[in-house]
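Q: In order, the protein sequences belong to chains A and B.
Residues 1 to 112 (the numbering used here) make up the first sequence, in order.
Residues 1 to 502 (the numbering used here) make up the second sequence, in order.
A hint or two may mislead.
Among the chain A residues that face chain B by a calculated CB cut under 8 angstroms, a handful are [said to hold, decoys possible]:
#	residue
1	Leu41
2	Val45
3	Leu73
4	Leu75
Just some of the chain A residues that point at chain B, by a computed CB distance under 8 angstroms [claimed, not checked]:
#	residue
5	Ile9
6	Phe11
7	Leu33
8	Tyr36
9	Thr76
10	Leu91
11	Glu105
12	Ile107
Hints in this document: simulated from the structure, not taken from any laboratory.
Please read all numbers here as calculations on a predicted model, not as lab measurements.
Cβ coordinates follow ideal geometry from the N, Cα and C atoms, glycine included.
Here are the chains, one letter per residue:
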Amino acid sequence: MIILVASLILFLVGLYAIITKRNMIKVAVGFSLMEYSVNFLFAIVGFRPGALPPILQVVEVGKVYSDPLPQALVLTAIVIGLGVTAFMLSLILRLYNRIGSFDLEEIKRLKG
Amino acid sequence: METFPVLLIAIPLGGAFLVPILYKAWKRLAEIVAGLCLAAVLALSIYLAFFLVPGKPLVYLFGNWPVPLGIAFAVDRLSAFMLLVVSMLVFFSYLFAIRYMDHFTGSGKFYTLYLLMLVGMNGVVMTGDLFNMFVFMEIAGLSSYALVAFGTEADELEAGFKYMVMGEIASLMILLAIALIYAATSTLNLADISRAFAAMDKTPGFWFVLILLMSGFSIKAALVPFHSWLPDAHPSAPAPISALLSGVFIKVLGVYAMARILFNVYGVSRASYPEVFNALLILGLASIIIASLLALYQKDYKRLLAYSSISQIGYIVLALGIGNELALIGALAHILSHSLGKGLLFLTSGSVVYRVGERDITKFTGGLGKQMPWTSLSYNLGALSVAGMPPFLGFFSKLFIILGAVKAGFIVPAVVAGLFAVVTLGYLLKITNKVFWGKEGIGGIKESPFVMVFAMVCLVVLLVAGGAFFFWLKPHLLQPAADVLLRGTEYADIVFRIGAGG
Chain A
1 MIILVASLIL
11 FLVGLYAIIT
21 KRNMIKVAVG
31 FSLMEYSVNF
41 LFAIVGFRPG
51 ALPPILQVVE
61 VGKVYSDPLP
71 QALVLTAIVI
81 GLGVTAFMLS
91 LILRLYNRIG
101 SFDLEEIKRL
111 KG
Chain B
1 METFPVLLIA
11 IPLGGAFLVP
21 ILYKAWKRLA
31 EIVAGLCLAA
41 VLALSIYLAF
51 FLVPGKPLVY
61 LFGNWPVPLG
71 IAFAVDRLSA
81 FMLLVVSMLV
91 FFSYLFAIRY
101 MDHFTGSGKF
111 YTLYLLMLVG
121 MNGVVMTGDL
131 FNMFVFMEIA
141 GLSSYALVAF
151 GTEADELEAG
161 FKYMVMGEIA
171 SLMILLAIAL
181 IYAATSTLNL
191 ADISRAFAAM
201 DKTPGFWFVL
211 ILLMSGFSIK
221 AALVPFHSWL
231 PDAHPSAPAP
241 ISALLSGVFI
251 KVLGVYAMAR
261 ILFNVYGVSR
271 ASYPEVFNAL
281 LILGLASIII
291 ASLLALYQKD
301 YKRLLAYSSI
311 SQIGYIVLAL
321 GIGNELALIG
331 ALAHILSHSL
341 GKGLLFLTSG
351 SVVYRVGERD
361 ITKFTGGLGK
371 QMPWTSLSYN
381 LGALSVAGMP
391 PFLGFFSKLF
401 IILGAVKAGF
411 IVPAVVAGLF
421 AVVTLGYLLK
431 ITNKVFWGKE
441 GIGGIKESPF
451 VMVFAMVCLV
461 VLLVAGGAFF
471 FWLKPHLLQP
481 AADVLLRGTE
491 YADIVFRIGA
501 GG
């Protein structure tokens, strides 16, 4: 439960950064924070207290094994996160070349 | 037929890989290969949409792992219907793009992103695995962010950035919901999650996950009040991409994914979860009313159409919120008619921009209808269909939504839906009035090249044919797709029966 709350707090910190920060680089950092919070949650979901690694040659009845699947999911999520971060930073860089600023207030030309 | 689901992913994915290589050698060859890929996808989707046996979905097991273990694709009639909608518009937009993209440099990259977007959308519709759905959503999403910013002018980059921020917040909300669902059920297969949910108490956590999912998909579908990115993002993209984004993208990533998860995984029905349905009803009504009124004040050709998209998405979500059989058939028919109609309108905007180079309708002096008769005709007929005038397809889709609302006893939503069809006609005729009608025109403008006109005329023909043969389409295409939603959690039993044998 504590872990759930911790990852939720990290998620909200990232969301806070995205919503309130004017610097686009900080917005990108906020996205990384949100991604890590979800990855953290995934990694922790597979954990069982006192569990054995799930490498089964003979199934031992009554033993607890940890869940291997979340690790595969986290790896996929990290790769997607990499793509998102890379693309976002390149978009920010192109915007910087056009406008000469990382400030979101200065590029607010389109309105909803 | 067993391998169709894989082919529908593999063909465009292979095309996306080949196109930039061939583009170095010979530009036209790359375009032809991309076109062949899209034609193949269209042919497979047409076959699936009409010949897949209802109630007997194709379940493709990757690596032959039986259903709850591995990743499975489950293509039922709803998926097949969405595949048809997607691949039709993608094909005709491609025809339009061949000439339209002459304006731009780097069209090899354009076709790569175009095909990747198709891969993402096809994957979202076919997959039977929640995390897999997220992965495909990100493939489609990332390529669409790149396509919105394709012009690389300041405005386009800004719109792309804004779109990306909103889209990624939505994706991360969905990913968080997926992590919580996995924590609670230890499975990712949609059918298996559905069974686990059936045995679960409705704790606050359960509702939290549902709200996260619905907010995420509402952002993807650009429902009011989550719509602020759409009127910037869709007009900034090149016209064929605007057509795709407004025509199918928001429907696949937003409406389809939401409907699939709500109806088939949660197994909601109006009796068991009235709160969810009322929320959908309110979101739909808010989108219809607010976006229509905002559309009336727009001066930009494409921005007006973008607001119109939000309001038409509102009709679809309203119909999902009503949730009876008539309304669901209306919702699916509206997905079809709006994707063809709004795709067509965005293509006409591309045709006007191609020849005139101007999007601000206050700067037009009218009379373009004389010089560009086919574009003008396509726009006017498309506008009539989107507004819901007989005898076009759009008339029947709105009619069924209103009939469903009346039958379920929602008189106010029915009246609003009927009334705002007229408002829709009002703001769409604004463009007709300023751009196409009138005597004097801008000198030296002639009709767009043949392929562009051909793409638009094909869509007009489909809209007219859809209206004329609606009562043939209804039992053969719409009814089986609506049944998938109506049967709810029976989806899980069917997928298990076919997929668990291995």
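Q: Any hints from earlier that this structure breaks? Give me their numbers in increasing order, please.
A: 4, 5, 7, 8, 11
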